[in-house]
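Asks: Protein chains in written order, with UniProt numbering: chain A, 1 to 754; chain B, 1 to 754.
Here are a few chain A residues that face chain B, going by a calculated C-beta distance under 7 Å:
{"no.": "1", "residue": "Gly277"}
{"no.": "2", "residue": "Lys360"}
{"no.": "3", "residue": "Pro461"}
{"no.": "4", "residue": "Thr462"}
{"no.": "5", "residue": "Leu706"}
Taking CB as the label site, the calculated pair distances span:
{"no.": "6", "chain 1": "B", "residue 1": "Asn36", "chain 2": "A", "residue 2": "Ser643", "range": "33 to 43 Å"}
{"no.": "7", "chain 1": "B", "residue 1": "Lys303", "chain 2": "A", "residue 2": "Ala171", "range": "22 to 32 Å"}
{"no.": "8", "chain 1": "A", "residue 1": "Glu40", "chain 2": "B", "residue 2": "Lys649", "range": "26 to 36 Å"}
The following residues of chain B were derived to be distant from chain A, with all beta-carbon distances above 12 Å:
{"no.": "9", "residue": "Asp105"}
{"no.": "10", "residue": "Thr160"}
{"no.": "11", "residue": "Lys184"}
{"no.": "12", "residue": "Glu262"}
{"no.": "13", "residue": "Lys612"}
These are computed hints drawn from the structure, not numbers from a lab.
As the structure is a prediction and not an experimental result, all values here were calculated from the model.
A virtual CB, placed ideally from N, CA and C, is assigned to each residue, including glycine.
Protein chains: 2
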Amino acid sequence: MIPLKYSIGILQYIPFFYVIWSDDLLSVSEISVVKNAIGEDLSLNTGEKKQLEGWLIREKSPSEQEFKYWKQLISTSGIKLVESDTYPLSSLSQRLGNAYCEDCDFNNQLKHIEINLGIQPNHYNHLFDVEVVHKKSSNHYNAKKLDAILKGGHVKEVDTFRVFLDQPNFAWDVVRDKSEFRNKVLQQVQLLGQEGYGAMGYEKVYGGTNNMPAYAAIFEHLMFVDGSLAVKFGVQFGLFGGSIQKLGTKKHHDKYLKAAGEAQLLGCFAMTETGHGSNVRGIKTTATYDSGSDSIVIHTPGKNDNKEYIGNALHSKMASVFAQLIVNGKNEGVHAILVPLRDENHQELEGITIKDNGYKLGLNGVDNGKIWFDQVRVPRANLLDKYGEINDDGTYSSHIKNPNKRFFTMLGTLVGGRICVARGALGGAKMALSIAIKYALNRRQFNDNVKIQEDLIMDYPTHQLRLTPAVASTYVYHFVLEEMMQRYSDDAVPDKRQVETQVAGLKSVITWFANQTIQECREACGGKGYLLENRIADLKGDVDIFTTFEGDNTVLLQLAAKGVLSDFKAEFNSAGFTSVLKLLGSQLADKLSTLNPIYANKVDSEHLYNLKFHQHAFDYRTRRLTYTLAMRIRNYIKKGIPSYQAFLKVQTHLVTLGKAYSIELAYQVFTAQYEKESDETYKALLEKLGTLFALHHMREDAQWFLEQGYISGTKSKAIRQRVERLSTELRPHLEVLVDGFGIPKHCLSAPIAQ
Amino acid sequence: MIPLKYSIGILQYIPFFYVIWSDDLLSVSEISVVKNAIGEDLSLNTGEKKQLEGWLIREKSPSEQEFKYWKQLISTSGIKLVESDTYPLSSLSQRLGNAYCEDCDFNNQLKHIEINLGIQPNHYNHLFDVEVVHKKSSNHYNAKKLDAILKGGHVKEVDTFRVFLDQPNFAWDVVRDKSEFRNKVLQQVQLLGQEGYGAMGYEKVYGGTNNMPAYAAIFEHLMFVDGSLAVKFGVQFGLFGGSIQKLGTKKHHDKYLKAAGEAQLLGCFAMTETGHGSNVRGIKTTATYDSGSDSIVIHTPGKNDNKEYIGNALHSKMASVFAQLIVNGKNEGVHAILVPLRDENHQELEGITIKDNGYKLGLNGVDNGKIWFDQVRVPRANLLDKYGEINDDGTYSSHIKNPNKRFFTMLGTLVGGRICVARGALGGAKMALSIAIKYALNRRQFNDNVKIQEDLIMDYPTHQLRLTPAVASTYVYHFVLEEMMQRYSDDAVPDKRQVETQVAGLKSVITWFANQTIQECREACGGKGYLLENRIADLKGDVDIFTTFEGDNTVLLQLAAKGVLSDFKAEFNSAGFTSVLKLLGSQLADKLSTLNPIYANKVDSEHLYNLKFHQHAFDYRTRRLTYTLAMRIRNYIKKGIPSYQAFLKVQTHLVTLGKAYSIELAYQVFTAQYEKESDETYKALLEKLGTLFALHHMREDAQWFLEQGYISGTKSKAIRQRVERLSTELRPHLEVLVDGFGIPKHCLSAPIAQ
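Work the whole structure out from these sequences, hints included.
Replies: See the structure below:
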């Protein structure tokens, strides 16, 4: 022990000042926390307070000599940090005080500082001798509680389902041969159908509970079992059954829906053609009404007009076939028709040819195939005629007169599938993150040559930065998709156009997010992540195609952006588009110049952690991108460039807007949702996750905000530092956070996750 | 035809002004090109010149009325654009002139403008009626010539090898069962060994040609056949054979090298352990010298100390085992020892246990396994003793006294493997890009409802932006890896430390680049990209692990950054580190302030396309990151934080520096290389590819340059526009550019690439 040059009152503060000045992140809020505590400390006299406050001036850090003395004071005292203490730093301070003065009282103000600074032992444990190896995880939060929050209104359904999945039929295994794999998955789908899980989204009379939100939660859980199961399940019950439910009428429901929901009637959804994927309107298959025989003739006219990648094609007895409906020589546009494919012996019916699509990057338990129709005749009643019917007199009629609107209304009914795709991708991300984080909390590599034990890789800043923002985003997207499914299935709002635009964007950003996250997790697990047994590899292969199916992401983002543009136009319809653009332009310019330079330079943590700042930034970005997009299109059109070409010229701008809009929306929905959480501890945790999500996204797009002058270079750096800091702060809670995803033990089979 | 309000002289310029003003990209250089041409046009009188120049003022665009008149003038004339014309726009102008004045001369100045503006028909074809559907590709460049440039000095070897690969043994097929797949790949490896390809890097006396650069070119080609083949080939000849060649001495070479090179002696490289991957120095396997029997005892001491992921483990007869060498009770550090694994009947020898690692995400044709040693005894001569030997008297000696340096010297000899890994990944990217681009030049989707034909997806700006910068980067990285292999195999430079640092960084950025590119290509091909038959799926699975093996990318980037730091320290060693830091800090600050605001705001194309600008930007970034990193570490160390902890605190900074350094290096090497190209046409093309690479990277990291004030917001936007524009400009040459990769037809088997 070295001689003490301070009073005991001062001494107890030394470890805090030592921690504070060892990093350069002393923010205004931190100074005020410490200042207040000192001000209210009755054990200090005026001189002591003055001395302590002198060490709180940001511009004038304590001298190196002083700092070294602090270090020596602590190290020579032999006092060690006990990380498992409730207040590790305060406790260390107290023991330090005791070392110099046996009967001194403990200074309770220190706890106040420790709580309010929000610093964790992993911020500063390298500064002290540590008593024991610090714990892998904190139990400050409870995973069960987080799980309950995420389950929301589906506690009963989800809990029952998790127990149901705990049977050998759903155990994961490597199955390389596609027929064998497909048969295994088929049996799983049939089991789920028998148990009533397939029909959950249908009405009660057809075996369901009319509960799409719970259906989506179940669907996500299937990803924990196997991606192929989730997709085949979605095709059978969501797409095939869903097309009957949404596009058909009572006669179809009565005849087919129960059997489809029980997987008694296996069916597929035959929309995509070899030549037409994204441009569904351009499909070539024809469905020609023949009044003589009162039947519809389904036909594949040419090469590349066959149906392709049709899931369930090899097992199906029937298909919902999308085709150009021709009645009395007039093309009435794309409609869906139920077409039987095979007989009782599973032989293809006359005129039907089905071929296997072969092996794929993933999802090899799903039987994708190609289908050709050669003048296949079905009864008129097989037309799914909710939005367009052929009457008894052989004429066509529809209550939606505009064929354009009719087409998009039909497609709009299938938006639920897009939400499920995003939900499934998110389930994949949850699984990968759970595995990677559990591994990183066991895997050790490298040390400082002094310690016996190597360091946990989860303690590496690069590793924290790699995985923590993804955990935060997963929480945000979970809330958002829950809410979207609620809106989609809310019968009180029949017009689903807004949800459609929103889901188009969210499906894109979330499926991309999931793929990137799974990739990060694979790399974060090194060679272990590459082995099939550790499950990440399959997730990577399976989730990959989620960016393409049910709408290619790049196409969907343009759709989302066009939706934003329409709203923008509609918003100002009365005032006249051009004058509004001018007005808005000057408003945006004003806003920007008044913000500058104070706002653009604000870097204190109160500001950076304030959700109003995040919302403002996201809102500003969407508005600005919308405005500049509208201006560019207007200029092109004024010059006589056709609108199709004008939209091509701004295509990358559209994609950028689509993404920006989706991120803003996600954050908006999330913040509105977590506000409802009644437990303040968890509300604060969710807020922190939201903050990390928001700052991480601002950092990802910092280029744009900087270009606009919305943030200064200093602020951009401060945001980056805050992302790193939040990632470190959440480190002790990572295990609880991924356990909160609620993946059942029997699904989390990866050896490295044990 | 509408009445003409201009002279014929003016009229001929109208199509040009129409094109120029239809976009808002009129740069200073473009104005001057047009101005010069007008000035030198003898056919114009002063009044005409004045009128034309009036339309060239950037701030004062022609009135909308004027612009519309131009449009009408052209459209009512019935003149169409013929894109296949040599000078499409000039030719259109001439015909427009003829429509109003039959015997007018052609104005040759127009051609001058057309060449110098560098605009392509695909920039403006939407503005005119087009005579014929424009061609998919231009034949301005020749793929064979590009291929020859890329083959460099290995024309003979590569050409021979391509022909050799054209046999059924190397035909691609789906093989799902791992034993079957492994056997197929084993036979391929043996075939290559017999033909002398395995030994290429060895000296002539052992069957080789001592030509590592040609070996690397061959290795890359194996990726076109199958990723598993490339990896198994690399393990057998590069790692196993390479360890004998580089770490052994003549007695080992004479005994084993020829057999290894012919794949008569199958071997593996047993370095990684379950518990130790990145931290090789910490491996636990022991090799204890027993002087009594004059032998070395190899032993796996505990759980997780077994060798793992060892490629070729199931087929091998022998292993190069890395272990802690203990002589007379002293640990002399990690050394390699040749250990026989199996007898002639392929039965494991006593004390050896080998288990299959099972199925992986990719590379299932490679037999990875785990190996345990239970007191396995081998003769003393089996120690690969180039850098450390056990003498006849049973003592250890080495000509490298420092054990640290000894260890890194041994590892350094294996750098060739890292170059090959990067080369292989790049081969994967080449293959994926070739497939995706050929598909995009056939696949059509969507149109403007007027045209019969839908648009080629390659004509979508988003698609161009997605693939074109990747093509440019592939060219850059190809040159860089060629050069790195030259430097590595240059015996005149025995100290390979610099190459090692450089390769550590390049391996990381290139393998990440390859993975991202393959992913983009998969998505760009939609569902077709997901089918195994189209080859991208396997590339994705195979190349994925390249980011991990032969050094985890995140770890390697830190290594690269530490190398940069050392150089930085050495550079100023005499002057004293601290004072140099201060000096440099003020220099950097000066440099920055003198640059501002003129430099930071410079947006004309001459500047943005100037390689000096790119080099300056990259150099500035590396220097600044190095300087700030050094300062941060110094501050931590001054505060008494141990160096290991200080480096942890700056870990993300290290990774950033590692990347920045590698990008700068790549561009530096590339620019130095293409300068040597004698054909000016191709030199200009390479320069354009380099420019796209540079601007694309500046755009990717624009956040950083903006934060530093190195570029202004306006300049950042200008860079983005230039990236998009260059991507569009290269559109007609994309097919030739990917054909230039020289992937043989028999390897490019994907149905969508036909």
